[in-house]
Amino acid sequence: MLDAEQWQQLLQGFLEEANDLLREAEDCLLVLERSPTDSEAINALFRSVHTLKGSAGIFSLEPLVALAHHLENRLMQVRDGECALDDALTSLMLQCMDELNVMVRSIDPHTATLAPHTPRQAELLAALEAFTSSAPHAAQGPAVWQLALRLDAELLRNGFDPCAFIRYLARLGDILAVDTLTDALPALEQMDPEQCYLGFDITLSTEASRETLEEVFSLADGFYHLTLTCQTAPDDAPATASLRPATQTLAPTPASDEPRVVHTASSLVKVAAHKLDELINLVGELVISTAGAHMQAMQTGDSECIERVQAVHQHVEQIRERALKLRMVEIGETFNRFHRVVRDVSLTLNKQIQLHLHGGDTELDKTLTDRIADPLIHLVRNAIDHGIESAEERLAVGKPAQGNLSLSAGHDSGMIVLEIQDDGRGLNTARIREKAIARGMLDADSLLPDSDIHMLIFEAGFSTAEQVSNLSGRGVGMDVVRSAIDELRGTIEIESEPGKGCIFRIRLPLTLAIIDGFLVGAGADRFVIPLDMVTECMEAPATINGPLNLRGKPLPCIDLTTHFALGVPTTSRRNIVVVSQARQQVGLIVDRLLGELQTVIKPLGQLFRHLNGISGSTILGSGQVALILDIASLFRDLQQRNDTKHRPSAAIPNLSGEQTCNGSAI
Amino acid sequence: MAKTILIVDDSASMRQLVRISLASAGHTIIEACDGQDALAKLTGQKVNLIISDVNMPKLDGIGLVKALKARAEYRFTPIMMLTTESEQSKKAEGQAAGAKAWMVKPFQPQQLLAAVEKLVG
Amino acid sequence: MASLTLRPSAADTPACLCLAGDLTIFEARDTHAALLELLAENPGPWALDLSALGELDSAGLQLLLALGKQLGGANTPLQVLAVSSEAAALIELLRPTGLLLDLQSVCAG
Numbered sequence: 000m001l002d003a004e005q006w007q008q009l010l011q012g013f014l015e016e017a018n019d020l021l022r023e024a025e026d027c028l029l030v031l032e033r034s035p036t037d038s039e040a041i042n043a044l045f046r047s048v049h050t051l052k053g054s055a056g057i058f059s060l061e062p063l064v065a066l067a068h069h070l071e072n073r074l075m076q077v078r079d080g081e082c083a084l085d086d087a088l089t090s091l092m093l094q095c096m097d098e099l100n101v102m103v104r105s106i107d108p109h110t111a112t113l114a115p116h117t118p119r120q121a122e123l124l125a126a127l128e129a130f131t132s133s134a135p136h137a138a139q140g141p142a143v144w145q146l147a148l149r150l151d152a153e154l155l156r157n158g159f160d161p162c163a164f165i166r167y168l169a170r171l172g173d174i175l176a177v178d179t180l181t182d183a184l185p186a187l188e189q190m191d192p193e194q195c196y197l198g199f200d201i202t203l204s205t206e207a208s209r210e211t212l213e214e215v216f217s218l219a220d221g222f223y224h225l226t227l228t229c230q231t232a233p234d235d236a237p238a239t240a241s242l243r244p245a246t247q248t249l250a251p252t253p254a255s256d257e258p259r260v261v262h263t264a265s266s267l268v269k270v271a272a273h274k275l276d277e278l279i280n281l282v283g284e285l286v287i288s289t290a291g292a293h294m295q296a297m298q299t300g301d302s303e304c305i306e307r308v309q310a311v312h313q314h315v316e317q318i319r320e321r322a323l324k325l326r327m328v329e330i331g332e333t334f335n336r337f338h339r340v341v342r343d344v345s346l347t348l349n350k351q352i353q354l355h356l357h358g359g360d361t362e363l364d365k366t367l368t369d370r371i372a373d374p375l376i377h378l379v380r381n382a383i384d385h386g387i388e389s390a391e392e393r394l395a396v397g398k399p400a401q402g403n404l405s406l407s408a409g410h411d412s413g414m415i416v417l418e419i420q421d422d423g424r425g426l427n428t429a430r431i432r433e434k435a436i437a438r439g440m441l442d443a444d445s446l447l448p449d450s451d452i453h454m455l456i457f458e459a460g461f462s463t464a465e466q467v468s469n470l471s472g473r474g475v476g477m478d479v480v481r482s483a484i485d486e487l488r489g490t491i492e493i494e495s496e497p498g499k500g501c502i503f504r505i506r507l508p509l510t511l512a513i514i515d516g517f518l519v520g521a522g523a524d525r526f527v528i529p530l531d532m533v534t535e536c537m538e539a540p541a542t543i544n545g546p547l548n549l550r551g552k553p554l555p556c557i558d559l560t561t562h563f564a565l566g567v568p569t570t571s572r573r574n575i576v577v578v579s580q581a582r583q584q585v586g587l588i589v590d591r592l593l594g595e596l597q598t599v600i601k602p603l604g605q606l607f608r609h610l611n612g613i614s615g616s617t618i619l620g621s622g623q624v625a626l627i628l629d630i631a632s633l634f635r636d637l638q639q640r641n642d643t644k645h646r647p648s649a650a651i652p653n654l655s656g657e658q659t660c661n662g663s664a665i
Numbered sequence: 000m001a002k003t004i005l006i007v008d009d010s011a012s013m014r015q016l017v018r019i020s021l022a023s024a025g026h027t028i029i030e031a032c033d034g035q036d037a038l039a040k041l042t043g044q045k046v047n048l049i050i051s052d053v054n055m056p057k058l059d060g061i062g063l064v065k066a067l068k069a070r071a072e073y074r075f076t077p078i079m080m081l082t083t084e085s086e087q088s089k090k091a092e093g094q095a096a097g098a099k100a101w102m103v104k105p106f107q108p109q110q111l112l113a114a115v116e117k118l119v120g
Numbered sequence: 000m001a002s003l004t005l006r007p008s009a010a011d012t013p014a015c016l017c018l019a020g021d022l023t024i025f026e027a028r029d030t031h032a033a034l035l036e037l038l039a040e041n042p043g044p045w046a047l048d049l050s051a052l053g054e055l056d057s058a059g060l061q062l063l064l065a066l067g068k069q070l071g072g073a074n075t076p077l078q079v080l081a082v083s084s085e086a087a088a089l090i091e092l093l094r095p096t097g098l099l100l101d102l103q104s105v106c107a108g
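Chains E, U and P, in that order, give the protein sequences. Numbering that gives the first Met the number 0 numbers the first residue of the first sequence as 0 and each following residue consecutively. Numbering that gives the first Met the number 0 numbers the first residue of the second sequence as 0 and each following residue consecutively. Numbering that gives the first Met the number 0 numbers the first residue of the third sequence as 0 and each following residue consecutively.
In case anyone wonders, no lab produced these hints; they're calculated from the structure. We treat Cβ as the ideally placed atom computed from N, Cα and C, and that holds for glycine. One or more hints might be untrue.
Computed list of chain U residues with no C-beta within reach of chain P, every gap over 10 Å [what the hints assert, rightly or not]:
{"hint": "1", "residue": "S10"}
{"hint": "2", "residue": "L16"}
{"hint": "3", "residue": "G25"}
{"hint": "4", "residue": "I28"}
{"hint": "5", "residue": "D36"}
{"hint": "6", "residue": "A39"}
{"hint": "7", "residue": "K40"}
{"hint": "8", "residue": "E72"}
{"hint": "9", "residue": "K90"}
{"hint": "10", "residue": "A95"}
{"hint": "11", "residue": "P105"}
{"hint": "12", "residue": "P108"}
{"hint": "13", "residue": "Q109"}
Taking lysine to any residue pairs in the SDA-like style, the calculated list, with each CA pair at most 20 Å apart, reads [stated by the list, open to error]:
{"hint": "14", "chain 1": "U", "residue 1": "K2", "chain 2": "P", "residue 2": "A88"}
{"hint": "15", "chain 1": "U", "residue 1": "K45", "chain 2": "U", "residue 2": "A11"}
{"hint": "16", "chain 1": "U", "residue 1": "K45", "chain 2": "E", "residue 2": "E193"}
{"hint": "17", "chain 1": "E", "residue 1": "K274", "chain 2": "E", "residue 2": "E193"}
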């Protein structure tokens, strides 16, 4: 038998494949909902379910096989034009997909076992069954076939057992009658007991096609003669007549479709994610050690050596780029899931919503696509639930009844930008303010700009829902969205216009593995600032009192040496690195500027996971450890101190707050 | 009903695929890596089906079929040959030797299971 | 080969042929020969006890059908008094007219 590890590998492969197949199937189903005659989608859907069933069979996952099997039968009828794919059937099939998803998730990854049939599955199976009988075009019952099987005298001697074939037939349907023909059987003395004298006339009631029935015996090619006649066909029409036209209309598609699919399959290699991670980690080490070698070479001053090291460096760069691209996947796959989300949510809330997707070909790190999906779903639900008005409300304010929701992805200055835009009522600033005050998050007399008030919805325990609807009652707040995005070193901002709609804009780094950084020194320590956040550097004035004036705008500052309690500055000529995020700016006061570098992020150990202001570490070419600054959390720190210090006097909102943070708190 | 099935193939991964597919249906699997190994492992015990690759080192599939037909206890044992499209020319030779059931690689596990059921089910 | 035992007839019941072991293509030739020998001694009528029968395949069934034809002619089925589960499954599937399965007795294991 297979050893445990191999079995694990096979199962792991199956689980991944199953997820892909189900997602693909769901996409197809949603395509079909919009264009029910898309034969390519029908075929793709059928293939996915069929493949899933086949693979599940290997692991004897009975309940999964059973549901997939029934689904497949129904799909076969849709494909053959015997059953119309209407809304009700689509909904039912989507429910089946959900159940299949649940089943796949509940497969024990160690034992490859699945809990036995649940009532929910029985319900779905029954519903699938019922659909056939109630649907007007689904009258395809089993047909009754007459099989006249005549056998070659040498059949038995060649290891074929006709009984085995007949037993197999019994699996395809109900054997109504078997006539075992013994006319050719000679008297006992004359018979050769190894020769075959028997023949069979079989009456079989089955849904299987003529091809399937013919296929049953094909292994014994040359040793039998089979005559197949169909006695009753559905709708009193000969089976051949009812099936053929449907197959013909579909025929061109599989023909043109199949080779392409085969091609795609063969040109893809599936690699376990952890292997990629290992590779990328090693490439990261390589980047670091190359930097070390480069440094060493520079110190020796040997031009030959420097040249060689530079060549190595270039190649390492190329490898790094390619390696990172291996992890890149198009976000389109994640986006496509939203058809389903939007469909379900808008049905539940009875709102008409058109979903627009843009930039599905934008690539980002697989880890990011996986981890951003849930926050995105939450934002989309939120937009539909709270943002987009009901049809009546929309008509009343002169908007088209159908709401629009768009999801887009694109690149902007080295970041991925994801936007969720709706044309609903926009955020209700007054209401958010009210709630925030009621929850003690805000002083009644504070004068925060609207944009800052909007950001309050991301605070823990905040909810603006007039009533907890079916959707928002999930116990997940917007604060979860915010922290998920923070974890991905991303940012989120809100652009809301009352009555016009709202945009949630998420910015994410392209990858989590490597960072283009700006290295600075504070005290004896080194810090890395994500380069794309650095806007400029300048010399710090000898004494800093209050916010600096940067081209007429106040610039709050954080002194890294004091912020991280690193002792006294090592130099009197200090520098300011101006970093910006979502139109906010802050100056980081450091001792030394050490230049740009590209480095691999090492996650912090469990112990330091919650360290504020630090998102990771890296090892420099010299072997020294540098800490990567978490700019987003520094901004939040600043904001919070701002708010606390800010409340009593609201006289000069922008400046006074920063003064406080600069002077004492930080 | 559970059967005893001998799988003969020099490719360990092919044997693995066959074994997993069939073991899942409850069959008992004996493995051999070529014809010689197969003959050595067949020591009179009952085997319901032999599934064999054609192209193998030492003793190939067709040689194995000939050898089996000469042994009384296996002379009627059904044999299914696994072959690739490019080996179709071997089919006539193999059938003459006594291997009548053929299956073309690659195949889906459920195809294999179905074939086994048709032959010995 | 399957072992054959012929229990002589008692009162007005036919002689009973007990078949034990497998009856497949592998055993067909030897069993055929043994049956011919038994028939030479006792030309019937016989009934069948298949309760100890192991594997039964098409060749085995064909032999039983030929035996039935021999004993009772084409129109008199051979009575099966007891049957093993495996043999019963095949007979149930094919319901050959040449074998009469007494359902009351088909509970032997």
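How the hints compare with the structure:
| no. | hint | verdict |
| --- | --- | --- |
| 1 | S10 | holds, 31 Å |
| 2 | L16 | holds, 28 Å |
| 3 | G25 | holds, 16 Å |
| 4 | I28 | holds, 19 Å |
| 5 | D36 | holds, 23 Å |
| 6 | A39 | holds, 21 Å |
| 7 | K40 | holds, 19 Å |
| 8 | E72 | violated, 7 Å |
| 9 | K90 | holds, 24 Å |
| 10 | A95 | holds, 20 Å |
| 11 | P105 | holds, 31 Å |
| 12 | P108 | holds, 26 Å |
| 13 | Q109 | holds, 23 Å |
| 14 | K2(U) x A88(P) | holds, 16 Å |
| 15 | K45(U) x A11(U) | violated, 24 Å |
| 16 | K45(U) x E193(E) | holds, 18 Å |
| 17 | K274(E) x E193(E) | violated, 57 Å |
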